[in-house]
Amino acid sequence: MSGKRIPTVLCFMVLGVALFRPAPIQAQESGQSIHIKSSLGFEYFSRTIVWDEGLYSSKLKAAIGILRAELELQKGFTIGAFAGYTLSNFNGLVFRQLPFSIDYEAGNIGGLLWGADVDTILFVVGDYEIGTTAQFAMSLRSTAEFEILSLNQKGDLVAKRKWNRVLGGPVIRYTGYEDFTPFLSIAYNRLWGTFTLSETIVDLEGTEEKTITGKGIVGITVGTVYEPSAVFKLKAEVTALPYTKIGGGLDVDYGASVKVVVFF
Amino acid sequence: MRKHHWALSLALAGCLAVFIGFVAGGIPRLEEETDHVPGQVLLKFRSWVPVWRRVATLSNVRSRAVSRITRLNVFVVQIPDEAKVEDMVTAFNRNPDIEYAEPNHIFRAAVTPNDIYFKYQYALFNKGQDIDWVPGGPQGKPSADIKAPSAWEETTGKEDVIIGILDTGVDLTHEDLKNKILPGYDFVNDDPDPTDDHYHGTMVAGVVGAETNNGKGIAGIAWKGKILPVKVLNDYGEGRASDIAAGILWAVEHGAKILNLSFAAPSENITLGTALKDAFEKQDVFIAAAAGNDNTAVYYPAAYEKYVCAVAATDYNDERAVYSNFGYEIDCAAPGEKILTTIPSYLTTPLAPFPYGYGWGTSMASAHVAGLAALIKSIKPSLKPGQIMNIIRYSADDVNASVYKGKDEFLGYGRINMEKALVPLKITN
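Going down the list, the sequences are from chains A and B.
So for the first sequence, numbering that gives the first Met the number 0 puts the first residue at 0; every next one is plus one.
So for the second sequence, numbering that gives the first Met the number 0 puts the first residue at 0; every next one is plus one.
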């Protein structure tokens with residue numbers, strides 16, 4: 000199986016897990032009306048990425064704003080689609096195969112993002128709901144241009160970046176409070192993408208593409224949903240993603256997101 | 000109530016992890032290393048760890064914070080005398096309360112080789128020091144150098160990059176060269192012994208690739224590159240075009256990817272030109288050549304501007320050497336004035352027992368460029384010689400910009416800058 004096909008297969012596996020629901024619950028809930036909700040979401044994550052076949056690492060820091068539409072097909076079975084904008088910071092990537100090596104420290108590159116997600120409830124045990132959650136997000140290829148001014152000839156750089164993320168796994172929610180629903184999720188969390196830099200200095204030209212992969216594959220998310228009324232809810236969560244550092248030792252990446260959901 | 004249970008469980012798990020971390024780590028023996036401060040560790044707690052637990056963590060292993068870098072929230076921690084820094088670092092890093100721990104490493108200015116005469120090599124690193132080992136000699140201008148130490152942080156070269164020195168031969172027994180030399184050839188006498196019976200080739204070879212960081216002599220530019228001595232000049236420093244052309248072809252056949260031609264003549268020679276063109280265009284060989292030392296038009300082979308990098312000479316103040324030939328063919332410049340380098344061992348005397356001396360001229364300048372080209376080739380082996388030449392050109396410092404801005408016929412694009420040519424350029428917004 001080729002390397003590029005693996006993420007695709009994993010996406011389908013994760014979505015498959017999330018879509019799986021036992022038949023009895025579906026039967027009990029059939030006939031319920033469909034609810035459409037929309038939400039505004041913000042997310043920030045800092046993720047350790049490796050490149051050059053795992054020899055080097057740096058951070059991908061991304062700030063994301065999305066608009067999301069959510070369809071609750073049945074109670075406990077929600078699908079969503081979202082689109083938005085992300086500022087992605089790949090500082091720390093070093094390109095040594097270009098004619099002049101480049102240490103990229105130019106900060107954020109903005110670009111569009113879209114994705115889809117699925118949430119299910121599989122079982123209810125007392126005040127606990129056990130279900131699955133899954134999400135696929137794709138930050139579309141976007142471009143930024145920079146100038147090289149430190150040489151005796153002016154040079155130009157064109158940076159192109161894109162990344163994808165898929166996550167999914169079980170989630171447990173506590174429904175014993177009136178307005179708050181705290182939850183805990185342990186999810187497979189994979190991030191991958193490319194960053195390409197093209198250099199032109201007079202007649203010197205070169206292009207180098209880095210394939211980047213997120214370190215760590217399982218994240219732990221804790222959060223809560225605050226639902227003070229029937230038309231509004233707020234969802235906040237933080238994610239910790241442990242990973243093994245190059246050269247040994249454990250470290251943790253963090254992320255956080257907030258969603259404001261309005262019902263129609 | 001349920002919330003209290005969660006909190007209690009988390010706290011207990013944290014304490015257990017701290018305990019397991021330190022039991023597994025232990026407290027061991029005495030320090031021997033010198034690359035870090037003995038008995039000290041730099042340590043950063045995770046932001047959510049309360050002060051009382053930080054204090055407890057350190058006191059449990061009989062350590063204490065002696066200072067703090069406030070903005071980074073990093074503590075300098077003194078560990079017990081009998082403890083070993085590596086073991087304490089390992090133990091601390093197992094503690095989930097600690098973001099990281101590391102030795103308090105000792106840093107030294109860039110890459111400074113330990114060769115005893117490096118301090119006189121202003122061309123590589125000029126801080127305004129005395130550049131003559133005889134008192135009363137000149138001093139250089141700070142930064143009038145090719146920035147070698149910072150470039151060596153990026154690379155010191157590779158052994159598989161072979162630099163052909165076409166010259167008077169090389170002293171094969173020289174203490175600072177013998178471990179760098181490959182079997183060469185003597186085209187003057189047509190035998191396999193390219194021993195230098197002049198001095199010029201040994202001086203050029205020292206600049207390009209003297210054995211470096213060996214505690215003796217000088218530093219060469221290409222620490223790891225190998226020198227292929229090809230004797231094409233006789234004991235008067237003169238050579239026939241036919242021998243030189245044959246030497247070029249031989250060097251290329253024997254793996255040379257960089258050639259240094261520190262010789263010059265005013266007349267074009269088609270045979271020599273054809274050999275150089277073939278090496279450059281068909282064999283991907285970079286060629287550096289001296290412009291000449293007669294303060295006149297650029298001599299050949301440097302004047303073959305399409306496939307030879309023509310090098311002019313500067314001095315310890317970043318000014319053009321008065322003798323350096325000039326013309327539109329000049330690509331760049333490099334230090335050529337009062338360059339400390341290797342000389343043949345047989346030239347030593349009881350009064351001057353060390354096989355090192357000063358060289359002048361565009362020959363020395365060309366050798367600096369050949370060394371830089373070897374370093375570029377070692378980290379970017381796929382580059383063509385024309386690309387290497389452009390990297391050297393465009394990264395040069397336009398040191399005579401106040402008089403001749405941009406490329407000019409005296410220093411070309413400027414005095415070479417190894418740091419800009421090799422170290423990744425930082426791109427910020």
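No lab work stands behind these hints, which were simulated from the structure alone.
In this text, a Cβ means the ideal position worked out from N, Cα and C, and glycines have one as well.
Do not rely on the hints blindly, as some may be mistaken.
[Said to hold, decoys possible] Just so you have them, the derived chain B footprint on chain A, three or more residues with Cβ under 8 Å:
| id | region |
| --- | --- |
| 1 | 84-95 |
| 2 | 99-106 |
| 3 | 186-195 |
| 4 | 199-213 |
Checked hints:
Chain B is given as covering the region 84-95 of chain A, and this holds because 3 residues of the stretch bring a CB closer than 8 Å to a CB of that chain, at least three being needed. Coverage of the region 99-106 of chain A by chain B holds in this model, with 8 residues showing a Cβ closer than 8 Å to a Cβ of that chain against a need of three. Restraint check on the region 186-195 of chain A versus chain B: 0 residues with Cβ-Cβ distances below 8 Å, three needed, restraint violated. By the rule of at least three residues with a Cβ nearer than 8 Å to a Cβ of chain B, the coverage given for the region 199-213 of chain A holds, with 4 such residues.
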